[in-house]
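Chains as they are written, first to last, in the UniProt record's numbering: chain A, 1 to 202; chain B, 1 to 202; chain C, 1 to 202; chain D, 1 to 202.
Derived from the structure by calculation, the hints contain no laboratory data.
Ideal Cβ positions, reconstructed from N, Cα and C, are used throughout, including at glycine.
Treat the hints loosely; a few may be bogus.
[What the hints assert, rightly or not] Straight-line distance between alpha carbons at most 30 Å, and here's what the computed DSBU-like set of lysine-lysine pairs gives:
1) K78/B - K195/A
2) K66/D - K140/D
3) K78/D - K172/D
4) K158/A - K195/B
5) K140/D - K78/C
6) K172/D - K116/C
[What the hints assert, rightly or not] Here's a subset of chain A near chain B, in silico, CB distances under 8 Å, partners left out:
7) G97
8) A148
9) T193
10) R202
Protein chains: 4
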Amino acid sequence: MDAIERLASLFEHFPGIGPRQAERFVQFLLRSSPGVRRELAESVQALARDIRQCSECMRFYSGESKTCGICASASRDKSLLAVVASDADLAALEKSGTYRGGYFVLGGTLDLASEKTDRLRVKQLLTHINDLRSRYTDLKEVILAFPANPEGDATAAKVREEILDLRNPNIKVTTLGRGLSTGSELEYADPETIKSALEGRR
Amino acid sequence: MDAIERLASLFEHFPGIGPRQAERFVQFLLRSSPGVRRELAESVQALARDIRQCSECMRFYSGESKTCGICASASRDKSLLAVVASDADLAALEKSGTYRGGYFVLGGTLDLASEKTDRLRVKQLLTHINDLRSRYTDLKEVILAFPANPEGDATAAKVREEILDLRNPNIKVTTLGRGLSTGSELEYADPETIKSALEGRR
Amino acid sequence: MDAIERLASLFEHFPGIGPRQAERFVQFLLRSSPGVRRELAESVQALARDIRQCSECMRFYSGESKTCGICASASRDKSLLAVVASDADLAALEKSGTYRGGYFVLGGTLDLASEKTDRLRVKQLLTHINDLRSRYTDLKEVILAFPANPEGDATAAKVREEILDLRNPNIKVTTLGRGLSTGSELEYADPETIKSALEGRR
Amino acid sequence: MDAIERLASLFEHFPGIGPRQAERFVQFLLRSSPGVRRELAESVQALARDIRQCSECMRFYSGESKTCGICASASRDKSLLAVVASDADLAALEKSGTYRGGYFVLGGTLDLASEKTDRLRVKQLLTHINDLRSRYTDLKEVILAFPANPEGDATAAKVREEILDLRNPNIKVTTLGRGLSTGSELEYADPETIKSALEGRR
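Construct the entire structure; sequences and hints are all you get.
Quick look at the structure:
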């Protein structure tokens, strides 16, 4: 396997990339200047050096501090904790501009076939909740902010159960509201969404 | 224009049909048996003869009775009235199996460019609400069940205003709940939907 | 089944139309004026009255004459006969503006699973070729103008064999040229197309 | 700009990659093992070290030799030279298994807006043709194997003119055959393709 093939096979593991696009990436880099290739190689290596995983919320961030900017911020609402599947979902909640509480990145959703949870940071979440409780006495609500699909629902059910087992009577566990999302037409909405939209009317 | 072209030009007015598919429809009918063509022609004509528009909810239905089965039913909840844009939206609500109130078909949504409402049955809706109030004293809520898009929102705003002008203190006007619809991933959800999902959490 | 359902079930048999779009067609007709519905019903019925199938090329055409305009035309090249699968393919060849010979509509392509040819007018084609030969002594080439897919290729192989069995030494049987079609990029072309494009270079 | 943002902005320059997928690539690398990141960085750097551009055909290849395997091969047909736009197009011709001549990678196609050719290796091609002529006296045909689109056609016209200016009476300049590509249906084919398919029938 030569350098072209080896690099193409690495790109093939990138999310959403097939053999053909992997080859195009290599051709693109072959046509690029040595400076571009060096910058790419260095930036990939820099990830490990410059990016840390926050010891509290588990998200990746850039910086010298022990915890990320959100976890370290005094102005965030310590009574709310949103549990999300991924850094991308955390970023989506943050961009909406309405949430001011804390986060915890679970690292994925439950695989429905295997029902295995070992890839997910469920234990770390429980430890984190207990930790938050001991530091800030006012944690009141854990929001399970998972995608509105069977995997997300199964993950929410599992995590809810584990949190309830902590027997912390003052913590409420909630899930995100369901209903018509922006752009939805009733005619094409599934019965479950219509049901949620009717129940959540106001 | 021969019979093939005339029929193709009629099919071109069908929703979502372009010139090419219109031609395919004609070719399909040319290859069909005379019996199929006769049945189609008769069924089209039968619409006017067999289908009536309900004088209460304005939907199309088949039957001899003056009002449709839903409006005539004693078992429907007379305290709820859902205002929908089209028969198709009414059918979607009905299929969800959770709604047991009455309906009113407005006939469309507001055109944002012209803001004209003359295509919509706003006056008939107001008359219908007054009528329902006089017959069943317990109409308590009008649900504006429009699509979750700018046209639907503008229609809801307009209709809400008109209903409030009736000064019926006992009628609440609601809209469908917004949030994540089935299958939504947070990562791809728009900020408005995430905001609604956070507000509607439970 | 009421008139709405009966008409919807007829539209569901239209090519490319599913249950949902069939329902939309019915709703469209319900909202249309009685005049539109009457015109549609009459146009469907008019097909049988005004449209004939040409006794020579088997295509559908409008008119009183026994044969269609193309078959009746003295200016068409009688030495060429293009055999096509459908009226739509005939129309595509005609629109290209380069073909001036005659046509024969076979009525479809071979089904690869059953290999049955009884739906196809193979016998009529052979009779038509003999007939042309006796009337115009100069029929020189039969062009098998089928789609460039396995069904088209199998149909061409079968029809070619049958024509060769006629033992008409002066008739050449050809198929359409293969190669890059407009817009094709080499990178995404299949090996068979590239092979044809190389062989057909000029 | 932190390491995550810097790497994402590099991935955004990859062909066909937008901001969202660039972010997903970075998240994928953050979750990957240090070994995977190191291998990627090294493979990118290895391109410059291990991959050379062939001094004859200008394609990228892996090896110590001065020319690529195809140019160095004694078994390739020296009478044919295919001029292609890119390494990917060369690979497509090679995969078809029918072409046994030489290649020259032009480096792109003409930009129709600017009509500039300075990005393309037109001069190198002419030098290469003269060079081939002096070494192998039997170069007989230059095949302009460009995509079947306006850019490809304009490039072919330009390159053909330049080659004819060389006044080498024994060199024939050809282009790839046009026609129905595999899977094409006549009904949806453009007139130009049908014209080529009719002309190229056999």
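Verification of the hints:
A hinted pair counts as satisfied when its Cα atoms are at most 30 Å apart, and K78/B with K195/A qualifies at roughly 19 Å. Proximity of K66/D to K140/D is assessed by CA-CA distance (about 25 Å); at most 30 Å being required, the pair is judged to hold. Under the criterion of a C-alpha separation no larger than 30 Å, the hint pairing K78/D with K172/D is consistent with the structure, at around 14 Å. Note on K158/A and K195/B: the hinted pairing holds, with a Cα-Cα distance of about 25 Å set against a maximum of 30 Å.
Only pairs whose Cα atoms come within 30 Å are accepted, and K140/D paired with K78/C is rejected, the gap being roughly 40 Å. A hinted pair counts as satisfied when its Cα atoms are at most 30 Å apart, and K172/D with K116/C does not qualify at roughly 47 Å. Interface restraint check: G97/A against chain B, minimum CB-CB distance 7 Å, threshold 8 Å, status holds. The beta carbon of A148/A comes within 4 Å of a beta carbon in chain B, closer than 8 Å, and the hint placing it at the interface holds.
Contact between T193/A and chain B, as hinted, is supported at the beta carbon level, the nearest pair being about 4 Å apart and thus within 8 Å. Annotation: R202/A was flagged as interfacial toward chain B, and the flag holds, the nearest CB pair being 6 Å apart, inside 8 Å.
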